[in-house]
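Chains C and D, in that order, are what the protein sequence lines are. 1 is the number of the first residue of the first sequence in our numbering; add one for each residue after it. 426 is the number of the first residue of the second sequence in our numbering; add one for each residue after it.
Wrong hints could be hidden among the right ones.
Straight-line Cα separation of at most 20 Å, EDC-like style, residue types lysine to aspartate or glutamate; simulated pairs [said to hold, decoys possible]:
{"id": "1", "chain 1": "D", "residue 1": "552", "chain 2": "C", "residue 2": "295"}
{"id": "2", "chain 1": "D", "residue 1": "750", "chain 2": "C", "residue 2": "178"}
{"id": "3", "chain 1": "D", "residue 1": "635", "chain 2": "D", "residue 2": "441"}
{"id": "4", "chain 1": "C", "residue 1": "419", "chain 2": "D", "residue 2": "674"}
{"id": "5", "chain 1": "C", "residue 1": "158", "chain 2": "D", "residue 2": "674"}
{"id": "6", "chain 1": "C", "residue 1": "419", "chain 2": "D", "residue 2": "570"}
{"id": "7", "chain 1": "C", "residue 1": "131", "chain 2": "C", "residue 2": "211"}
{"id": "8", "chain 1": "C", "residue 1": "296", "chain 2": "D", "residue 2": "565"}
{"id": "9", "chain 1": "D", "residue 1": "495", "chain 2": "D", "residue 2": "553"}
{"id": "10", "chain 1": "C", "residue 1": "21", "chain 2": "D", "residue 2": "632"}
{"id": "11", "chain 1": "D", "residue 1": "543", "chain 2": "D", "residue 2": "647"}
{"id": "12", "chain 1": "C", "residue 1": "130", "chain 2": "D", "residue 2": "565"}
{"id": "13", "chain 1": "C", "residue 1": "131", "chain 2": "C", "residue 2": "188"}
{"id": "14", "chain 1": "D", "residue 1": "552", "chain 2": "D", "residue 2": "498"}
{"id": "15", "chain 1": "C", "residue 1": "56", "chain 2": "C", "residue 2": "178"}
{"id": "16", "chain 1": "C", "residue 1": "131", "chain 2": "D", "residue 2": "723"}
{"id": "17", "chain 1": "D", "residue 1": "750", "chain 2": "D", "residue 2": "723"}
{"id": "18", "chain 1": "D", "residue 1": "557", "chain 2": "C", "residue 2": "323"}
{"id": "19", "chain 1": "C", "residue 1": "21", "chain 2": "C", "residue 2": "188"}
{"id": "20", "chain 1": "C", "residue 1": "21", "chain 2": "D", "residue 2": "498"}
{"id": "21", "chain 1": "C", "residue 1": "419", "chain 2": "D", "residue 2": "722"}
{"id": "22", "chain 1": "C", "residue 1": "296", "chain 2": "C", "residue 2": "345"}
FYI, nobody ran anything at the bench for these hints, they're computed from the structure.
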Amino acid sequence: MTMTRTKLRENVYLTYIPAVKFKTCFLSAQFLTPLRADTAGYNALLCAVLDRGCRKYPDMERLSAALDLLYGANVEHSVRKRGEVQLWGFVASAIDDAFVPGGGGRLLEGVAEILGELICHPVLENGLLKKDYVDSERENLLDAIRSAVNDKRTYAGKRLLEEMCRGEAYGLSHLGEEATVAPITAEDLTRHYYDQLSSSRLELYYCGRAELERVITAVEPILRDLPLSRETAIAPPLPHIARTEPLVIRQPMDVSQGKLGVGFSVGTEDRDAAFVMNTMFGGTSNAKLFLNVREKLSLCYYASSAYHRSKGLVTVSSGIEFENYQKALDEIQAQLEAMKTGDWEDWELTGARSCIENGHRSIDDSAGRLEDFYMGQIATGQHNTPQELMDAALAVTPERIMAAARSVSLDTVYFLTGKEENPRG
Amino acid sequence: MVEHSYPRIGEQVWHDTLPNGLALRVVSKPYHAKACAYFVTRYGGMDLRFQLGGQWLDTPAGIAHYLEHKMFDTEEGNALQELAKNGAEPNAFTSNAITAYYFDSTDHFYDNLRILLKFVSIPYFTKESVEKEQGIIGQEIRMVEDNPEWQVYQQLMECLYKESPARVSVAGTVESIREITADTLYHCHKAFYTPGNMVLCVVGNVDPQKVADIANEVLPRESGPAIPRDYSQESSPAPAVKEGSRQMEVSMPQFLAGYKCTPPADGEEHLRMGMIGDMACDILFGDSSPLYRRLYEEGLINGSFGGNFDILPGAAYLYVGGDAKDPHTVHRMVTKEAERLAREGIDEAFYQQIRRAAYGQLVRSLNSFETIAISAAEGVFQGFDYYRFPEIFDTITKADVEAFLRENVTTERTALSIINPKEAK
Chain C
1 MTMTRTKLRE
11 NVYLTYIPAV
21 KFKTCFLSAQ
31 FLTPLRADTA
41 GYNALLCAVL
51 DRGCRKYPDM
61 ERLSAALDLL
71 YGANVEHSVR
81 KRGEVQLWGF
91 VASAIDDAFV
101 PGGGGRLLEG
111 VAEILGELIC
121 HPVLENGLLK
131 KDYVDSEREN
141 LLDAIRSAVN
151 DKRTYAGKRL
161 LEEMCRGEAY
171 GLSHLGEEAT
181 VAPITAEDLT
191 RHYYDQLSSS
201 RLELYYCGRA
211 ELERVITAVE
221 PILRDLPLSR
231 ETAIAPPLPH
241 IARTEPLVIR
251 QPMDVSQGKL
261 GVGFSVGTED
271 RDAAFVMNTM
281 FGGTSNAKLF
291 LNVREKLSLC
301 YYASSAYHRS
311 KGLVTVSSGI
321 EFENYQKALD
331 EIQAQLEAMK
341 TGDWEDWELT
351 GARSCIENGH
361 RSIDDSAGRL
371 EDFYMGQIAT
381 GQHNTPQELM
391 DAALAVTPER
401 IMAAARSVSL
411 DTVYFLTGKE
421 ENPRG
Chain D
426 MVEHSYPRIG
436 EQVWHDTLPN
446 GLALRVVSKP
456 YHAKACAYFV
466 TRYGGMDLRF
476 QLGGQWLDTP
486 AGIAHYLEHK
496 MFDTEEGNAL
506 QELAKNGAEP
516 NAFTSNAITA
526 YYFDSTDHFY
536 DNLRILLKFV
546 SIPYFTKESV
556 EKEQGIIGQE
566 IRMVEDNPEW
576 QVYQQLMECL
586 YKESPARVSV
596 AGTVESIREI
606 TADTLYHCHK
616 AFYTPGNMVL
626 CVVGNVDPQK
636 VADIANEVLP
646 RESGPAIPRD
656 YSQESSPAPA
666 VKEGSRQMEV
676 SMPQFLAGYK
686 CTPPADGEEH
696 LRMGMIGDMA
706 CDILFGDSSP
716 LYRRLYEEGL
726 INGSFGGNFD
736 ILPGAAYLYV
746 GGDAKDPHTV
756 HRMVTKEAER
766 LAREGIDEAF
776 YQQIRRAAYG
786 QLVRSLNSFE
796 TIAISAAEGV
806 FQGFDYYRFP
816 EIFDTITKAD
826 VEAFLRENVT
836 TERTALSIIN
846 PKEAK
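Given the sequences, and given the hints that come with them, work out the whole structure.
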């Protein structure tokens, strides 16, 4: 599975991965644009509006019918943030021609044609994006932004990054905020649409059985009517400004379980070492956080950590009883201390290395994970394959792991707590 | 061991029943880096009342799930740790009908398989370790209690069912799990974790004979007795209660409407009815249905709207829901549309369109190793070969789907579950 990258024209690239092992082919078209507070909501709204219909299939019913006839092909709009870049666009997949009953389907071409329609030929009324679609998708987006609070675990993670990276693009939501989304009109969004098409990098991705030449021909409908744009550079995230005195936020809400989020800033530039350090600290079900905070002390149902490679952060997420706040926080920091002094057994490092190996090798087993991996690399200005990242991580020595841990400092604590809680002390 | 070839879906599968009664399936995946093993027992959250050694036993709600947690304890320590050391990603889940233990790994597959078979077949827990688990599972239950999606589902099951244990949460309650002791756990393990009640399904680039040899070597020689179970059949097709509602911290109401369906017989009829039920959902309220468009355009639903057909031991139901400002209207419109379809019939062209999409979805789902393995295991338990689904699918007609809707999706059989936002104080 060798990846090939082709420049199709100025500011438009195709990442191509041949694979025979999937039942489906996977095609993605993503626009990459800087994540900004004033435009994040516009992009999130834009792809939802475009997904409502196009010149050829002007409403959901006709669009869905076209997809049904392509044997249940999927086309979904997506909006993501990777690093400090917002990706918006469409991901599509269809069963491989080999599995079409009776044979003879050219489903890739069918799906690519629909993507081209959705991107280049939206439903217009008097030259503007259809007002009904803008109005109803704006309401849906506002609902989605407000419903972030429903899943408390994700919400706590989002709030931690927001507080920790206030003033930095990294703390922004990929969906935007209520205040910027609520006033968007069809006029505003139409202007934004043309602006995006003519200024953003377009990254295409394909994984499946088709030859590269066939894919390049198939995606032609996407490019045919796309305005030309000048080459844009993708900026890696700016470094986080570490706090000298940790910021502590407690947010009361009517919940039965507390959610603790702890943010650390990572000073080292040795990202491979920081990655291995985090894997041992809280990256797996065999890591220090899981074994100690959960298994040994029974303080929580889950405790894990994530390393934000491009930004240099580690965030810990845990669900705990309200009264265990201090105990859990102390234990999390004690486990980080252990990483700093090399206080681990041999199997912990061996196990982490095995997990890293397994994790990277199995990316190849999912067309969707490969798409997310490569889009993430491109959006953060990196150009590694899973294999290269794995090899680099496996070469990390215990000394480098300790050095990476020593560069980690407590930055922000966020606690989603009950309303009836008696404040400590 | 017999090799079966399924050209329509491009799968090669080895079938065997070992001398101890264990059903074995090995699905060949020559191009994947990872291989995974699923070890599944036909024992789930609904198996609360059963006969062991001539005596009927009533066990506390949540016990199958509790047992799943405790099975990872071994005399040497913890199997999660052992597997993670080899880079495997182990996990387990308990559903209404089954408990599944699994891992995937890109290396050390046969070592990992040994560990999996050993820890699941040899119980090791003490009074202390069982008591300690109360804290962890208690936290897990608290966590799902804060989840509105879980609450709206659980409330629906309590509305729909009166006698069937389908109304009991798989994890039980903080109160019910207090009654669980090491003794009861041993009883349940003895009854249900026998080779004759289990399936081992391996997916990957492995040697089928070696898998069989390891299973023969590690697992007990005896098949174990068949265990009679009591699923308390419902006495009426009507729901226990027509409606349930509660308030939570959500941004807008969430709802699920359920329709109590007649459960299918065992054998291929089970698989066939599952596919008919899924097509009925697509036709009634799927993305390309006229009803979906109408509801969406009137702003009564958003992208979260959707549903499915589900078969449980001795019970079946169809559900649909999502976020909606006015759940009652949506519910009424769904039932009305089903009754119209039953009366007037499904449009032929629309039926053919949905049929194509449904077939594509079935093929697509085979990208997931979990679907491949769990469907095969359920097939063994219910007496069908899942990989024959294209042939069974061919036998389904429009009249089957109409008859399904006419019988099951009616005013008499429905209940509504709603989670409302808390009123502002």
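Quick rundown of the hints versus the structure:
{"no.": "1", "hint": "552/D x 295/C", "verdict": "16 Å, holds"}
{"no.": "2", "hint": "750/D x 178/C", "verdict": "18 Å, holds"}
{"no.": "3", "hint": "635/D x 441/D", "verdict": "13 Å, holds"}
{"no.": "4", "hint": "419/C x 674/D", "verdict": "12 Å, holds"}
{"no.": "5", "hint": "158/C x 674/D", "verdict": "17 Å, holds"}
{"no.": "6", "hint": "419/C x 570/D", "verdict": "16 Å, holds"}
{"no.": "7", "hint": "131/C x 211/C", "verdict": "41 Å, violated"}
{"no.": "8", "hint": "296/C x 565/D", "verdict": "16 Å, holds"}
{"no.": "9", "hint": "495/D x 553/D", "verdict": "12 Å, holds"}
{"no.": "10", "hint": "21/C x 632/D", "verdict": "18 Å, holds"}
{"no.": "11", "hint": "543/D x 647/D", "verdict": "15 Å, holds"}
{"no.": "12", "hint": "130/C x 565/D", "verdict": "46 Å, violated"}
{"no.": "13", "hint": "131/C x 188/C", "verdict": "11 Å, holds"}
{"no.": "14", "hint": "552/D x 498/D", "verdict": "13 Å, holds"}
{"no.": "15", "hint": "56/C x 178/C", "verdict": "32 Å, violated"}
{"no.": "16", "hint": "131/C x 723/D", "verdict": "14 Å, holds"}
{"no.": "17", "hint": "750/D x 723/D", "verdict": "11 Å, holds"}
{"no.": "18", "hint": "557/D x 323/C", "verdict": "18 Å, holds"}
{"no.": "19", "hint": "21/C x 188/C", "verdict": "44 Å, violated"}
{"no.": "20", "hint": "21/C x 498/D", "verdict": "36 Å, violated"}
{"no.": "21", "hint": "419/C x 722/D", "verdict": "39 Å, violated"}
{"no.": "22", "hint": "296/C x 345/C", "verdict": "16 Å, holds"}
Comparing the model with each numbered hint stated earlier shows that hints 7, 12, 15, 19, 20 and 21 do not hold.
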